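Trainee: Residues per chain are reported as follows:
Protein chains: 2
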Amino acid sequence: MSKAKRPRARLPRGFVDNADQELLQRQSMITTILGVYQRYGFRPLETPIVEHLDALGKFLPDKDAPDEGVFALRDDDDGWLALRYDLTAPLARFVAQNRNELPLPYRRYQYGPVFRREKPGPGRFRQFYQCDFDTVGSRSMAADAEVCEVMAACLEAIGIPQGDYEIRLNNRKVLNAILAGAGLGDDDTTTPDQASTLRAHVLRSVDKLDRVGHDGVRLLLGEGRMDASGDFTKGVGLGTNQIDAVMAFVDSGGGSRTEVIDKLESIAAHSDEGKSGIEDLRTIDQILSATGIESDRAIVDPTVVRGLDYYTGPVCEAVLTFETNEDGQTRSFGSVGGGGRYDDLIKRFTGQETPACGGSVGVSRLAAALTALGRTTNAATDTPVVVTVMDSHRLADYQRMVTELRSAGITAELYLGSKGLGHQLKYADRRGSALAVIAGGDEFDTNTVTVKNLLAGKEISQTIDDRAEWLSVADVQHNVARDELVRAIGDLLDGRNP
Amino acid sequence: MSKAKRPRARLPRGFVDNADQELLQRQSMITTILGVYQRYGFRPLETPIVEHLDALGKFLPDKDAPDEGVFALRDDDDGWLALRYDLTAPLARFVAQNRNELPLPYRRYQYGPVFRREKPGPGRFRQFYQCDFDTVGSRSMAADAEVCEVMAACLEAIGIPQGDYEIRLNNRKVLNAILAGAGLGDDDTTTPDQASTLRAHVLRSVDKLDRVGHDGVRLLLGEGRMDASGDFTKGVGLGTNQIDAVMAFVDSGGGSRTEVIDKLESIAAHSDEGKSGIEDLRTIDQILSATGIESDRAIVDPTVVRGLDYYTGPVCEAVLTFETNEDGQTRSFGSVGGGGRYDDLIKRFTGQETPACGGSVGVSRLAAALTALGRTTNAATDTPVVVTVMDSHRLADYQRMVTELRSAGITAELYLGSKGLGHQLKYADRRGSALAVIAGGDEFDTNTVTVKNLLAGKEISQTIDDRAEWLSVADVQHNVARDELVRAIGDLLDGRNP
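Chains as they are written, first to last, in our numbering: chain A, 1 to 498; chain B, 1001 to 1498.
These are computed hints drawn from the structure, not numbers from a lab. Since the structure is predicted, the reported quantities are computational estimates derived from the model, not experimental observations. One or more of the hints may lead you astray.
[To be verified] Below, a list of computed lysine-lysine pairs in the DSS-like style, where the Cα atoms sit at most 25 angstroms apart:
id, chain 1, residue 1, chain 2, residue 2
1, B, K1347, A, K419
2, A, K452, A, K419
3, B, K1452, B, K1419
4, A, K5, B, K1347
5, B, K1208, B, K1234
6, A, K263, A, K275
7, A, K208, A, K119
8, B, K1005, A, K347
9, A, K208, A, K263
10, A, K119, A, K234
11, B, K1208, B, K1119
12, B, K1419, A, K347
So here's chain A without its partners, still in its complex pose (with noise of 0.2 angstroms):
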């Protein structure tokens, strides 16, 4: 094959490759999630990674990203087919062709990777795991307080305890019936779709305030804001009375949930739906009082937008309130999951209206927090007793002690390829092992083989500089006779982490 033919061998931009001890953590958190919906009555459901492109619908998040879109691709005949961009837009589509037969509601979850046709940057990939739960059917308030409860029993699964995280609650229809109030409701511009995109803005713009704080909301509310390093964002363009009214909304927040309810009943419960909207609330409120999740772990925050368009009722968000230190360097995590009630989206298909509401866990950025907490699992420091060949002619000897080891329940493999002892250690040593297992000619002869504690020799290596003294150090090195090897070595594995 000459070498102008050969193809580079490389991903495609943004996308990655996961391995290991990584891989392990997360697929470890994933089945402590998936666990947990199963428990709350949740059942798997798996779509396909493609679907038509028309079935998937307009739905994207994140309308102002470049380059938004999803990858699409030709069927055979005439159509067009695209890869997922969610899970939400193939449940609505499963839901929509199932619904005779489905028992409603209909509660699911799913997990799998998800695509996104954008530009790719630090952390943005086009390919990422989504981790969702829905049920669909059901306008009863408890399915809305479950997605609350659902979040919090998955965070405090994987080893987040209370007082670390913070579920964070708001309804569309208070938000909706402040704006339509203050003059930006559906009636107020020439079309329904100016008036959703000027919602939009103000949405957007709210949702900033962790940014830019209070007075800087203000600002893009109104005529536009120029930031430190001198660049100016345009505002929304409100008036006065409309950023006070807005204004007032964001002011809600802080103190328990009754509290906040009661102040956003005083500005929102001029209109049905307003009324409507703080009803809900309480509901959910004593839903969760019921389940004992208190104003310490679920609190309502006005500020709490989620950026898809799709929402029509409550919204919630999970967020870690803990920071962790690295290397003088404070890291906060946010949002790890959020959800709410979308009523419409099933409606695309069927023409009727379908309530709906769900949640979903941020696969990666949990891992990221468990891993900076220091919480990872045993599954990932399952790595093999390796048994080193000397005499490549006692293969069988050697393929006897590794199925020995097996059979014990200990994970092991033989060493397969043609390097020497001391590449062979290497290796063992690469592949993060505790434990070698090496014989040759003086133990064949003396019916023994010995054991090389991997880990130990590390430890001494680095506060050991004199290679004698190194290697007269108990616990490196065992000899052991043949048939005592299954026992030694679980003996030297269950001492691993004294």
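For chain A, the structure is supplied; the task is to place chain B on it using the hints.
Mentor: Structure of chain B alone, referenced to chain A:
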């Protein structure tokens, strides 16, 4: 939204949704299989669904399949991307890309969906799952023996006992030597491509032994064969001596591994490649014996050829040997996995030969076999206890019951729809629930709850026609004290499968 503009809710052709029991059973099986891979020292890898088209190369199996091909899509720049069609091509890309950082031999496993742009048919999907393990960078026959061993270990781990399966082993080298001896080698035709095509036709004819029998294969190797319906299949066109040579090879099967290897030696040891192939098989035989795998579990079968062009050495296949009988229909499952040595795949990228071998477990067929055997997992029966809602003003009370059950580790959910009790019980039934909890005015007044045994009710209703009698049977409904709810439900669930 006008009806005309509504998209139709449908799956793309050749794609399927998976859900509930079936999906849980597959997941549980996969977890077991990946656990075996782990125990053998393989580590997980997850490459993206999307790769550069040129990185995937042209190793598509089933070259004679209609509409062969991959799903390709345009990247932002001028390149082409594609959905992976297997997990081996991405492994080759990954190893070539990271060869300076990886410990060699590199041992990984991967599970995930792959895609074929082919004409879909019954049981033939355009997205399906593969579950692979591979060792890259080892020439040792111990790696090839391990492929057989892992295959056997997986089958036994998921509940297919010794005696119900067979690992069938062969060596492409022996095959090639015999073909070369019969005048079908690289030097015997004008171009290597022609020789390779001719050999592929020979192998494909041998592969049909099961279906067309010994004489049928002879005809297919010669002028051609007419089947019972009168359809004629053109033959490969070999002469009688060539056919005799090929059939001598095919007929070497039967008996212990050593017996078959001896027979093969007598017809293939005329060339270096043949000798080397025989030596490979002898080494694998010895190692398998050392792991305790004798000829009752792994045989040498000269008719095993495996479809893929990229295999260069030993190949093997795992076959289920039992049949099931459903409604008078006998069903056999055949091959449920296989693998082999492919030494040229990574060379595509690097120009350097990199030995590699691995195997793959056929997830869908195995799942079907397990279902037929009635060997499914407990996870699948973990359906929710449904707490029904008689009085919507008491949501918090019902919610408290659900929370108590979940806290005790019992899968439970609140009925979240808006229908009456009859529908709610039907819903619980459709969810496969064993128990439903009912509490109305009477129960709240007396501080009790009613627990309805749905499975018992169902069993009884199949045998008893009279409604009064049905209701009088014990065990269908229990009235228990409110604070005994969790204990009572726990007891009933424990006794569910007496």
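Trainee: Could you work out which earlier hints the structure fails to respect and list their numbers in ascending sequence?
Mentor: none
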